[in-house]
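S.K.: Single-letter residue listing:
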Amino acid sequence: MSLRSYIIARLLLTIPMILLLLTLVFLIIRVLPGDPALLHFEKQVKPEALEAFRRNLGLDKPVPQQYFDYLMGLFRGDLGKSMQDFSPVGGQIFSAFPATLELAIYAMIGAVLIGVFLGVRASQSYNTTEDHSIRTFGIVSYAIPVFFLGMVFQIIFSIQLHWFPSGGRIYPGMEPLGLSVGGVHLVTGLYTVDSLLEGNITKFIQAVRYLVLPSLALGVVLSGVFLRLTRSNMLETSRLDFVTAAKARGLKQSTVLYAYALRNAFLPILTMMGLQFAALLAGAVLTETTFSWPGLGRYLVDRISFRDYTAIQGAVVFFGLLVALVSLIVDILYAYLDPRIRL
Amino acid sequence: MSRAGSTGRILVQLLPRFVQLKGRGVAGWTVIIGSVLVASIVVITILAPWISPHNPIAINVGPILAAPTPEFPLGTNHLGQDMLSRIIWGGVTMLQVAVISVAVCLAVGLPIGLLATYAGGLPDKVSSLVMDSVYAFPGLVLAIAIAAMLGRGVVNMSVAIAVVYVPSYYRIVRSQVLTVKELPYVEAARALGGRSGTILFRYVLPNVVPSIVSVATINFADAILTAAGLTFVGLGLSVAVPDWGWDLTYGRQLLPAGAWWVITFPGVMIVLLALGFTLIGEGLSEIMSPRLEQ
Chain V
1331 MSLRSYIIAR
1341 LLLTIPMILL
1351 LLTLVFLIIR
1361 VLPGDPALLH
1371 FEKQVKPEAL
1381 EAFRRNLGLD
1391 KPVPQQYFDY
1401 LMGLFRGDLG
1411 KSMQDFSPVG
1421 GQIFSAFPAT
1431 LELAIYAMIG
1441 AVLIGVFLGV
1451 RASQSYNTTE
1461 DHSIRTFGIV
1471 SYAIPVFFLG
1481 MVFQIIFSIQ
1491 LHWFPSGGRI
1501 YPGMEPLGLS
1511 VGGVHLVTGL
1521 YTVDSLLEGN
1531 ITKFIQAVRY
1541 LVLPSLALGV
1551 VLSGVFLRLT
1561 RSNMLETSRL
1571 DFVTAAKARG
1581 LKQSTVLYAY
1591 ALRNAFLPIL
1601 TMMGLQFAAL
1611 LAGAVLTETT
1621 FSWPGLGRYL
1631 VDRISFRDYT
1641 AIQGAVVFFG
1651 LLVALVSLIV
1661 DILYAYLDPR
1671 IRL
Chain H
75 MSRAGSTGRI
85 LVQLLPRFVQ
95 LKGRGVAGWT
105 VIIGSVLVAS
115 IVVITILAPW
125 ISPHNPIAIN
135 VGPILAAPTP
145 EFPLGTNHLG
155 QDMLSRIIWG
165 GVTMLQVAVI
175 SVAVCLAVGL
185 PIGLLATYAG
195 GLPDKVSSLV
205 MDSVYAFPGL
215 VLAIAIAAML
225 GRGVVNMSVA
235 IAVVYVPSYY
245 RIVRSQVLTV
255 KELPYVEAAR
265 ALGGRSGTIL
275 FRYVLPNVVP
285 SIVSVATINF
295 ADAILTAAGL
305 TFVGLGLSVA
315 VPDWGWDLTY
325 GRQLLPAGAW
335 WVITFPGVMI
345 VLLALGFTLI
355 GEGLSEIMSP
365 RLEQ
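In order, the protein sequence lines correspond to chains V and H.
Counting from 1331, one number per residue, gives the positions in the first sequence under my numbering.
Counting from 75, one number per residue, gives the positions in the second sequence under my numbering.
Hints were generated in silico from the structure; no laboratory data involved.
The beta-carbon is built from N, C-alpha and C at its ideal position, and this holds for glycine as well.
Just to be clear, a hint being listed does not mean it is correct.
[As the list claims (entries may be wrong)] Label pairs and their in silico Cβ distance ranges: (1) ASN134/H - GLN1414/V: 34 to 40 Å; (2) LEU1343/V - PRO197/H: 16 to 22 Å; (3) MET1402/V - LEU266/H: 53 to 59 Å.
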C-alpha cells in the first residue's frame, strides 16, 4: 500500500469512530436519566422560565432533531451555547486551549526525558538494586494521583522553599504579546513561545517558572510507561549484533547507548507518546485544577460547579476530537517512518 | 460437568502457582507485598468502628487545623474533625467504588467479549468499533461527563468509572478468544458436534480467566485513582461520608495555611491502596506469562 492510500484508509476509519464518539457524548448528556435543563437550576424554577431556557438552547425540540442540530453545529465548528450566559461554548474552549496545550507539551517532554533516562539506567544495571529501585519508582508513579503529587510539590517547592509559584500561569498583566511586524500580529497562546516572539526574556523566565511544577507533576506521573518501555527495549536491543559491533569498534559506552541502542527504541516511544495522549489530557484536567492553570481542564471543572451541561458537552467533545486527531497524526507519522506498517 | 465446575477446576489448577509465590523471585514478592498492603487496608477498614478514636464525621472534636499531637496523631482539619479517624474510615468509599466498578466491568465486558468474538462477523466488528471508540477517549473526561449526569452516589460513581474501563476487559477477552478459538482441541470439540454454549463456557472461558484476573486487579487501582479524580473535580460523595478523596480535595484550600497533614495522610493512603493492587496485578501477569519476566 502506498503512503497515500494508507492515509486515505486511515482517514476513512476515523470517521465512524468520531461519529460514534459524538453520539456517545450526546447520549450521555441528553438521554441518560436527568434532564440537563432541570439539573442546571437545582432548585425550584418557574415553568415559564424553564420553558424559555429550553427554547433558548434548543432543548425543547424532539431528541432526534436535537441530535441532528448538534452534529450539523459541530460540522460548522459550533459547540453550542453555554447554559450560564448563553455565549458560544466554542469560543471559550478555543481561548482556554493554548494553556492546556502548553502544559501538555512540557509535561510530555518531561515524561519522555525522565522515562527514557531512567529506563536506560535501569537496563544498564539489570537486576541490581538500582534497577529494582527504578522499577519501583515506575510502579509507584503509576499509583500516585497527579493532584496529590502536585500538592506535595506545592508544599515543598512553593510554600516551604519559595522556589516556584504555587499556581496560575503568569503574573496578572504580564501576558506576553507575541510578535507584531507591520500590522501582522502573531500570537500562539503559548506563553513560552509568545514571550520569545516578543523578545522579552523576563516574561519567558516567568512563564517557565510557572510551568515547572505543573508540568513536572504530570510528567512524573506519566513517566512510568516510558521508563518500562525504554528498559525492556534496551534490554532486547543490547543483545543485537549491531550493538555488539559498535562496542567492538571501541565506541564510547554512552555513544553506543544513546546513538545506537536507543535509536532502535525511538518508534515504540513515538507510538507510546500517541497512546498516552489521552492519559495526558485526563491528567491535565486534574493538574490544571491543582495549580489554578487556566486551561480546558479548569474550564471543564468550573462548568461542572455551575452545572453548565452544554459547556460540559462541548468540552468533552473537544477532548475526544483532539485525541482522535492526535492518534491519526501519530499513525500516519508511524507509517511514514516505518514502511512495514503499510504492508 | 457444570460450566462453573470447569472454570473452578482451572482456578484450582492455577492455585499451586500462587501458593509457591516465594519461589517465583521478584514477581512472587511483588504479589506478596501488594497483597499485604491491600489486606492491611481492608482489615483497618473493617475494624474501623472499634479502632477509630473519634466519630469521623463529627465536627469540632478537636481544635481547628491542629498539627499532629499525641491526642490527635494525624492532626485535625478545618472542621475540627480528627484526621486519624477519617483515615481509618475513609477507605470504605474507595473499596466500595472499586469493587462495584470492577464487578460491573466484568459483568459487561466478559460476556460481550466472549459472545461477540466467538460469533465473529458483524457482532464482532460492531462491538469492537464501539469499544475502541470508548477506549480511545480520555478516561477521566468520559467518567466526568457520565458522573455529572448521573449525580452523586457510590453506585453512580462506580458505573461512571466502569463504562471507561469495560473496553480493557473486552480487548483482553477478545484477543484470548481469537487465539483459543483456533486451537486444535476447540476445533475438535466443534467437529464432534459440541454446542457453541458448551464450547464457549467449558473450553474457551477457562482460558480467559487468568488474564482477566490480572486485568481486574490492576483495574482496582485504576478505579480507585479515577474515583479520587472524580471527587477532586467536585463530583464526589456527600460531606457526610468519610472519604480520602474528599479530604484531599478540601485539603487543597488549606495548603496556604501550611496544613500539610490534611492532604498528606489521605494522599498516602490512596497511593498505598492503588499501589497494592498494581503490585498484585503486575506480579500476577508476570507469573502467568513468564516470557514477560525480563
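S.K.: Range first: 16 to 22 Å. Now tell me if the beta carbons of LEU1343/V and PRO197/H are that far apart.
M.R.: holds (19 Å)
S.K.: Is the hinted range of 53 to 59 Å satisfied by the C-beta distance from MET1402/V to LEU266/H?
M.R.: holds (56 Å)
S.K.: At the C-beta level, are ASN134/H and GLN1414/V separated by a distance inside 34 to 40 Å?
M.R.: Once the Cβ atoms are compared, 36 Å apart, the range 34 to 40 Å for GLN1414/V and ASN134/H holds.
Checked against the numbered hints given earlier, this structure breaks none of them.
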